[in-house]
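When you get a sec, could you build the whole thing from the sequences and use the hints?
There are 2 protein chains.
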Amino acid sequence: MTFQQKLDKVIDKNNSLLCVGLDPDLDKLPEKIKTQNNPQFEFNKKIIDATTDLICAFKPNSAFYEARGEQGIHELKMTCDYLRKNYPEIPIILDFKRADIDSSNLGYINYAFDYIGADAVTLNPYVGKVGLQPFLDIPDKGLIIWCKSSNKGSEEFQNLLVDGKPLYQIIAKNVATDWNKLNNCLLVVGATYPTELAEIRQIAGDMTLLVPGIGAQGGTAERFVKAGINSQKKGLIINASRSIIFAENPKQEAEKLRDEINKFRI
Amino acid sequence: MTFQQKLDKVIDKNNSLLCVGLDPDLDKLPEKIKTQNNPQFEFNKKIIDATTDLICAFKPNSAFYEARGEQGIHELKMTCDYLRKNYPEIPIILDFKRADIDSSNLGYINYAFDYIGADAVTLNPYVGKVGLQPFLDIPDKGLIIWCKSSNKGSEEFQNLLVDGKPLYQIIAKNVATDWNKLNNCLLVVGATYPTELAEIRQIAGDMTLLVPGIGAQGGTAERFVKAGINSQKKGLIINASRSIIFAENPKQEAEKLRDEINKFRI
Numbered sequence: 005m006t007f008q009q010k011l012d013k014v015i016d017k018n019n020s021l022l023c024v025g026l027d028p029d030l031d032k033l034p035e036k037i038k039t040q041n042n043p044q045f046e047f048n049k050k051i052i053d054a055t056t057d058l059i060c061a062f063k064p065n066s067a068f069y070e071a072r073g074e075q076g077i078h079e080l081k082m083t084c085d086y087l088r089k090n091y092p093e094i095p096i097i098l099d100f101k102r103a104d105i106d107s108s109n110l111g112y113i114n115y116a117f118d119y120i121g122a123d124a125v126t127l128n129p130y131v132g133k134v135g136l137q138p139f140l141d142i143p144d145k146g147l148i149i150w151c152k153s154s155n156k157g158s159e160e161f162q163n164l165l166v167d168g169k170p171l172y173q174i175i176a177k178n179v180a181t182d183w184n185k186l187n188n189c190l191l192v193v194g195a196t197y198p199t200e201l202a203e204i205r206q207i208a209g210d211m212t213l214l215v216p217g218i219g220a221q222g223g224t225a226e227r228f229v230k231a232g233i234n235s236q237k238k239g240l241i242i243n244a245s246r247s248i249i250f251a252e253n254p255k256q257e258a259e260k261l262r263d264e265i266n267k268f269r270i
Numbered sequence: 005m006t007f008q009q010k011l012d013k014v015i016d017k018n019n020s021l022l023c024v025g026l027d028p029d030l031d032k033l034p035e036k037i038k039t040q041n042n043p044q045f046e047f048n049k050k051i052i053d054a055t056t057d058l059i060c061a062f063k064p065n066s067a068f069y070e071a072r073g074e075q076g077i078h079e080l081k082m083t084c085d086y087l088r089k090n091y092p093e094i095p096i097i098l099d100f101k102r103a104d105i106d107s108s109n110l111g112y113i114n115y116a117f118d119y120i121g122a123d124a125v126t127l128n129p130y131v132g133k134v135g136l137q138p139f140l141d142i143p144d145k146g147l148i149i150w151c152k153s154s155n156k157g158s159e160e161f162q163n164l165l166v167d168g169k170p171l172y173q174i175i176a177k178n179v180a181t182d183w184n185k186l187n188n189c190l191l192v193v194g195a196t197y198p199t200e201l202a203e204i205r206q207i208a209g210d211m212t213l214l215v216p217g218i219g220a221q222g223g224t225a226e227r228f229v230k231a232g233i234n235s236q237k238k239g240l241i242i243n244a245s246r247s248i249i250f251a252e253n254p255k256q257e258a259e260k261l262r263d264e265i266n267k268f269r270i
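Just so you know, the sequences run in chain order A and B.
Going by my numbering, the letters in the first sequence line up with residues 5 to 270, in that order.
Going by my numbering, the letters in the second sequence line up with residues 5 to 270, in that order.
In short, the hints are calculated from the structure, not lab data.
Any given hint could turn out to be false.
If several chains are the same, the list does not tell them apart, and a pair holds so long as it fits within one copy or across any two.
[Said to hold, decoys possible] Distance condition first, Cα-Cα at most 30 Å in a straight line; then the derived DSS-like pairs of lysine-lysine:
hint: 1; residue 1: Lys156; residue 2: Lys169
hint: 2; residue 1: Lys156; residue 2: Lys185
hint: 3; residue 1: Lys230; residue 2: Lys13
hint: 4; residue 1: Lys133; residue 2: Lys32
hint: 5; residue 1: Lys133; residue 2: Lys156
hint: 6; residue 1: Lys230; residue 2: Lys255
hint: 7; residue 1: Lys133; residue 2: Lys177
hint: 8; residue 1: Lys81; residue 2: Lys38
hint: 9; residue 1: Lys38; residue 2: Lys50
hint: 10; residue 1: Lys17; residue 2: Lys255
hint: 11; residue 1: Lys81; residue 2: Lys17
hint: 12; residue 1: Lys49; residue 2: Lys81
hint: 13; residue 1: Lys13; residue 2: Lys49
hint: 14; residue 1: Lys81; residue 2: Lys32
hint: 15; residue 1: Lys32; residue 2: Lys260
hint: 16; residue 1: Lys156; residue 2: Lys177
hint: 17; residue 1: Lys49; residue 2: Lys267
hint: 18; residue 1: Lys230; residue 2: Lys185
hint: 19; residue 1: Lys238; residue 2: Lys169
hint: 20; residue 1: Lys133; residue 2: Lys169
hint: 21; residue 1: Lys238; residue 2: Lys185
Set out below in C-alpha cells:
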C-alpha cells in the first residue's frame with residue numbers, strides 16, 4: 005500500500021484531515037512526565053491514545069528529538085514502534101526537511117524508513133530533483149516537498165519572481181509535472197498564506213498538500229480549507245502541534261479542530 | 005574564540021585549506037573494522053590521527069551516522085568528543101544541511117552545538133533569514149549556507165534568473181550583506197562549478213567558502229582554488245571525503261591534495 009492509499013483510507017475512516025504534530029519539547033512537558041525514563045515517548049503515548057480516532061496522520065518533527073541526541077532519537081523510534089504496533093493503519097510523517105546530494109541522501113533514507121519506520125518525510129527542494137532522486141525513486145513512501153513555508157519572512161527567496169512567477173509556483177509546477185513520476189510527491193504550504201495555497205492548488209491538481217501553521221501560528225480554518233481543498237473534498241493534511249499536544253484536553257481540542265475543518269469541506 | 009578565528013589559526017599552523025569529510029559509510033568500511041563495537045568511530049579515529057596535521061577542519065556528514073539510528077549518532081558524538089579531547093584546536097563542521105522555521109531550529113541547535121559539540125554547521129537557505137534567525141544569533145559558531153550545491157542538476161532552482169541574476173547570486177548577496185551581521189556566515193559552493201565560484205567570490209568579499217565536490221566528484225584544484233581564493237590567500241575550506249578516507253594511505257593522499265591546493269594559493 006502506498007502512503008497516499010494509507011492516508012486516504014484513514015481520512016475516510018476518521019472523517020478527518022487533521023494531523024497531530026508530535027513535537028514534545030522537553031522544556032514544556034509536565035513535571036511528572038519529565039522525570040520518567042523516556043519522557044518524550046511517555047508524553048507522545050498519551051497524545052496518540054487520546055487522538056488516534058480523530059486524525060489522519062501523526063507528524064513527529066525530528067528536531068525536537070535530535071535536541072536530546074541519541075536518547076531523543078531512541079524515544080522517537082519508540083514512539084513510531086508504538087504507533088505501528090497499536091495503530092498500524094495510521095500513517096507516520098517524519099518531518100525532517102532534509103536534502104543532500106545524490107548518494108548522501110541514502111543515509112537519511114535509512115534513518116527515516118528503515119530505522120524510524122516512517123511512511124512519509126518532508127524534504128527541502130533547493131538542491132533540485134537530480135539531488136533528491138534517491139528519495140523520488142521510492143514508490144510507496146510519501147515525499148512532501150517544502151514549497152511555501154509558513155514562517156514570517158518566507159518570501160525572501162520563495163516569492164522572488166522568475167519570468168513573472170514566484171519561485172514557490174515554479175517549485176509546485178516542477179514537482180507536479182516532473183518530480184511526481186511515481187505519484188509519491190506532496191507539497192508543504194503554510195496555512196498562514198491562504199492566497200498562495202489557492203494558487204498552488206491550481207498548479208498541483210488534486211495532489212495532497214501538507215498544511216502547517218494553524219493554531220499556534222495563526223491560520224484560520226475557513227480560509228485555508230476553502231483555499232486548499234481538492235476536487236475530492238480532501239487532498240489536505242492539516243497539521244496542528246502545540247495547540248493540541250499542550251492543551252488541557254488534547255482529545256477535545258483535536259475533535260473541535262477536526263469538526264471545524266470539516267465544516268468547510270464542502 | 006569564534007569559528008573563523010579557530011579556522012584561520014589552523015589554516016596557518018598546518019598551512020592547509022584541506023578539510024577531510026568524515027563520511028564513514030558502513031558498507032564501505034574494511035571487514036575487520038566493521039565487526040568492532042563502534043565501527044564508524046574506530047574508522048574515524050584512524051583517519052583523524054593520520055591526517056590531523058595536514059588539514060584545517062574535519063567535516064562529518066550527519067547522514068552517514070543517522071543511517072544507523074541512535075548507534076550512529078552515538079559514534080558521531082564519540083568522534084567529536086575524541087577530536088575535542090585530543091585535537092582541541094581543530095574546528096568541527098557538522099554537515100547536516102538543516103533548516104526549519106523559527107523555534108523548531110532550536111532542536112537542531114541543541115543537537116549540533118550542545119550534544120555533538122560542533123564549531124560550525126551547514127544550513128539550507130530556502131526558508132529565508134527570518135526562519136534561520138535562531139542560528140544567525142549565535143556569534144561564535146560558523147553558519148555555512150548552501151549557496152550553489154556541487155551536484156548535477158543543481159541549476160533547477162539555483163540558477164533561475166531573478167531580474168537577470170541567478171538565484172545563487174542573490175542568496176550570496178543577501179547572506180553577505182544582510183545575514184552576516186555577526187560575521188558568522190560562510191557559503192557552500194561546489195568545486196564542480198568554478199565559474200559560479202568566481203562570481204560568488206566577487207559578491208562575498210573575503211568571506212570563507214566551503215567547497216565540496218573535489219576528488220570523487222571531480223573538480224580540479226587549479227580551477228577552483230584560483231576561482232575561490234580570497235585577498236588573504238585563504239577564505240576556502242576545500243573538502244574531500246571518499247578520495248581520502250577510503251584511500252589505501254589516507255595520510256599520503258591528504259598531503260598530496262594539501263600540497264596540490266597550495267600550489268595555486270598565489
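Verification of the supplied hints:
In this homomeric assembly, lysine 156 and lysine 169 come within 30 Å of each other (Cα to Cα) both inside a single copy, at 20 Å, and across copies, at 24 Å. For the homomeric pair lysine 156 and lysine 185, the shortest alpha-carbon distance between copies (19 Å) is at most 30 Å, but the shortest distance inside one copy (32 Å) is not. When the C-alpha separation of lysine 230 and lysine 13 is checked against a cutoff of 30 Å, the pair qualifies only within one copy, where the shortest distance is 22 Å, while the shortest distance between copies is 58 Å. Within a single copy, lysine 133 and lysine 32 get their C-alpha atoms only as close as 38 Å, which misses the 30 Å cut-off; across copies the closest is 26 Å, which meets it.
For a Cα distance limit of 30 Å, the shortest separation of lysine 133 from lysine 156 qualifies both inside one copy, at 26 Å, and across copies, at 10 Å. Taking CA atoms no more than 30 Å apart as the test, lysine 230 paired with lysine 255 passes inside one copy only; the shortest distance there is 25 Å, against 62 Å between copies. Proximity of lysine 133 and lysine 177 under a CA criterion of 30 Å is satisfied in both settings, with 12 Å inside one chain copy and 25 Å between copies. Taking identical chains as interchangeable, the C-alpha atoms of lysine 81 and lysine 38 lie at most 30 Å apart whether they share a chain (18 Å) or sit on different chains (24 Å).
Taking the shortest Cα distances, lysine 38 and lysine 50 sit within 30 Å of each other inside one copy (14 Å), while across copies they are farther apart (39 Å). In this homomeric assembly, lysine 17 and lysine 255 come within 30 Å of each other (Cα to Cα) only inside a single copy, at 17 Å, whereas the closest approach across copies is 60 Å. For the homomeric pair lysine 81 and lysine 17, the shortest alpha-carbon distance inside one copy (26 Å) is at most 30 Å, but the shortest distance between copies (44 Å) is not. When the C-alpha separation of lysine 49 and lysine 81 is checked against a cutoff of 30 Å, the pair qualifies both within a copy, at 12 Å, and between copies, at 28 Å.
Taking identical chains as interchangeable, the C-alpha atoms of lysine 13 and lysine 49 lie at most 30 Å apart only when both belong to the same chain, with a minimum of 23 Å there against 49 Å between chains. For the homomeric pair lysine 81 and lysine 32, the shortest alpha-carbon distances inside one copy (20 Å) and between copies (26 Å) are both at most 30 Å. Taking CA atoms no more than 30 Å apart as the test, lysine 32 paired with lysine 260 passes inside one copy only; the shortest distance there is 23 Å, against 52 Å between copies. Taking identical chains as interchangeable, the C-alpha atoms of lysine 156 and lysine 177 lie at most 30 Å apart whether they share a chain (23 Å) or sit on different chains (20 Å).
Taking the shortest alpha-carbon separations for lysine 49 and lysine 267, only the intra-copy value of 29 Å comes in at or below 30 Å, while the best inter-copy value is 60 Å. Proximity of lysine 230 to lysine 185 under the C-alpha cut-off of 30 Å is restricted to the intra-copy arrangement: shortest distance 28 Å within a copy versus 41 Å between copies. For the homomeric pair lysine 238 and lysine 169, the shortest alpha-carbon distance inside one copy (27 Å) is at most 30 Å, but the shortest distance between copies (39 Å) is not. Taking identical chains as interchangeable, the C-alpha atoms of lysine 133 and lysine 169 lie at most 30 Å apart whether they share a chain (20 Å) or sit on different chains (21 Å).
In the homo-oligomer, the alpha carbons of lysine 238 and lysine 185 lie at most 30 Å apart inside one protomer (21 Å), although the nearest pairing across protomers, at 44 Å, exceeds that limit.
In summary, the structure agrees with every hint in the numbered list given earlier.
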